[in-house]
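Participant: So the sequence lines, in the order shown, correspond to chains A and B. At position 98 of the first sequence the residue is numbered 123 (this note's numbering), and the sequence of numbers has no breaks. At position 26 of the second sequence the residue is numbered 155 (this note's numbering), and the sequence of numbers has no breaks.
The hints are simulated quantities; they were obtained by calculation from the structure and are not laboratory data. Computed from a predicted structure; not experimentally measured. Be a bit skeptical, because a hint or two may be false.
Said to hold, decoys possible - What follows is a set of in silico ranges between Cβ atoms, one per label pair, in the way DEER data are often shown: (1) B:P244 - A:S42: 36 to 46 Å; (2) A:T35 - B:V212: 20 to 30 Å; (3) A:E51 - B:S199: 34 to 44 Å.
Claimed, not checked - If the Cβ cut is set under 8 Å, some of the chain A residues that face chain B in the computed set are: (4) N57; (5) G68; (6) L71; (7) Y74; (8) I78; (9) G79; (10) D110; (11) L115; (12) F129.
Unchecked claim - Selected chain B positions facing chain A (in silico; Cβ < 10 Å): (13) Y161; (14) L177; (15) T181; (16) F192.
From the three backbone atoms N, C-alpha and C, an ideal C-beta is built for every residue, glycine too.
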Amino acid sequence: SQTIHQWPATLVQPVGSPLSLECTVEGTSNPNLYWYRQAAGRGLQLLFYSVGIGQISSEVPQNLSASRPQDRQFILSSKKLLLSDSGFYLCAWSVGSGGANEQFFGPGTRLTVL
Amino acid sequence: AQSVAQPEDQVNVAEGNPLTVKCTYSVSGNPYLFWYVQYPNRGLQFLLKYITGDNLVKGSYGFEAEFNKSQTSFHLKKPSALVSDSALYFCAVRDIMRGSYIPTFGRGTSLIVHP
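Next up, chain A with everything else stripped away, as it sits in the complex (with noise of 0.2 Å):
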C-alpha cells in the first residue's frame, strides 16, 4: 500500500534562518507530488508541484524553493525564513496525468516562525 511521510512534525525556527521540510512517498511511481501551506484558518495555497524528477513548477512567487532530486522525494527549502512562512505545510501525491485521481496527504509539518 502506498504511504507518504513528511518530517519534522512540528518546527520552531527565527525568523532568518534556513528551511528544508522533507515528503516521501512508498508504494508508488512516477507521483505527481505536490506542496501545499495552510495558514491560521482554513484555506490551502498551493506552493509548487510536480510531475517529474527535477520538474517542479511554483505556483506562487516567494522566498521558497523546491526540490525533486529522486522520483518518490519532495524537499522544500527556504534561504532565510519570515514570519509569514509560518503555517501548517502539506505534501500530497497523486497519479496519473487526466486529473481524475484524487489526492493523498501526508501528516503535515507544523512550523513557527519567531
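With chain A's structure known, arrange chain B on it following the hints.
Facilitator: This is chain B only, laid out in the frame that chain A set:
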C-alpha cells in the same frame, strides 16, 4: 478558469440529524469534483469524487454527494451525523479542459456535530 465556493464557514448539526455541506463550482468544461476531510493537526483525507456517471456518489464513513450540473453544485451529505464527523471539510474541482494536475480547493467548512 476553475473555482469552487463553500458558502458556509461553519455548519452546526445535532447528532443523529442529517447534515449537508455545500459546494458550488465554476469550470469551462466538465468538472472532476472531490471532497476531503481534515481532522485537527492532520493532513486531508479523501472522502469521495465525481468523475462521470451516476450523479449520486457514495464515499467513506457513510458520506455521499450529489452532482447537479444545472446548479453547478456538489453538496456533501450524510443521513445521520456523528459527533466524530466534526472536522473541516474541503471541496475541490479540476476542470477537465484546463489541465490535469492542479485542483482548486474551497476555503473549507467547519462541521460541528453537537451531542
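Participant: State for each hint whether it applies.
Facilitator: Quick rundown of the hints versus the structure:
1. The hint said 36 to 46 Å for the Cβ distance between P244 of chain B and S42 of chain A, and at roughly 44 Å that hint holds.
2. Our hint of 20 to 30 Å for T35 of chain A and V212 of chain B holds, since their Cβ atoms are close to 27 Å apart.
3. Distance hint for E51 of chain A and S199 of chain B: a CB-CB separation of about 43 Å, consistent with the stated range 34 to 44 Å.
4. For N57 of chain A, the shortest C-beta to C-beta distance to chain B is roughly 6 Å, which falls under 8 Å, so the interface hint holds.
5. Hint status for G68 of chain A: holds, given a least beta-carbon distance of 5 Å to chain B, under 8 Å.
6. Given hint, L71 of chain A at the interface with chain B, holds; its Cβ is 7 Å from that chain's nearest Cβ, closer than 8 Å.
7. Because the closest C-beta pair between Y74 of chain A and chain B is about 6 Å apart, less than 8 Å, the hint holds.
8. Contact between I78 of chain A and chain B, as hinted, is not supported at the beta carbon level, the nearest pair being about 16 Å apart and thus beyond 8 Å.
9. The beta carbon of G79 of chain A comes no nearer than 16 Å to any beta carbon in chain B, farther than 8 Å, and the hint placing it at the interface is violated.
10. Below 8 Å, beta-carbon pairs count as interface contacts, and D110 of chain A has none with chain B, the closest being about 18 Å; its hint is therefore violated.
11. Look at L115 of chain A: its Cβ gets to within about 6 Å of chain B, closer than 8 Å, so that hint holds up.
12. Using the Cβ-Cβ criterion of 8 Å, the hint placing F129 of chain A at the interface with chain B is satisfied: the shortest such distance is roughly 7 Å.
13. Hint status for Y161 of chain B: holds, given a least beta-carbon distance of 5 Å to chain A, under 10 Å.
14. Nearest Cβ of chain A to the Cβ of L177 of chain B: about 9 Å, under the 10 Å cut. The hint holds.
15. Hint status for T181 of chain B: holds, given a least beta-carbon distance of 9 Å to chain A, under 10 Å.
16. Violation of the interface hint for F192 of chain B is found here, the shortest Cβ-Cβ separation to chain A being roughly 14 Å, above the 10 Å cut-off.
Hint compliance for this structure: hints 8, 9, 10 and 16 are broken, all remaining hints hold.
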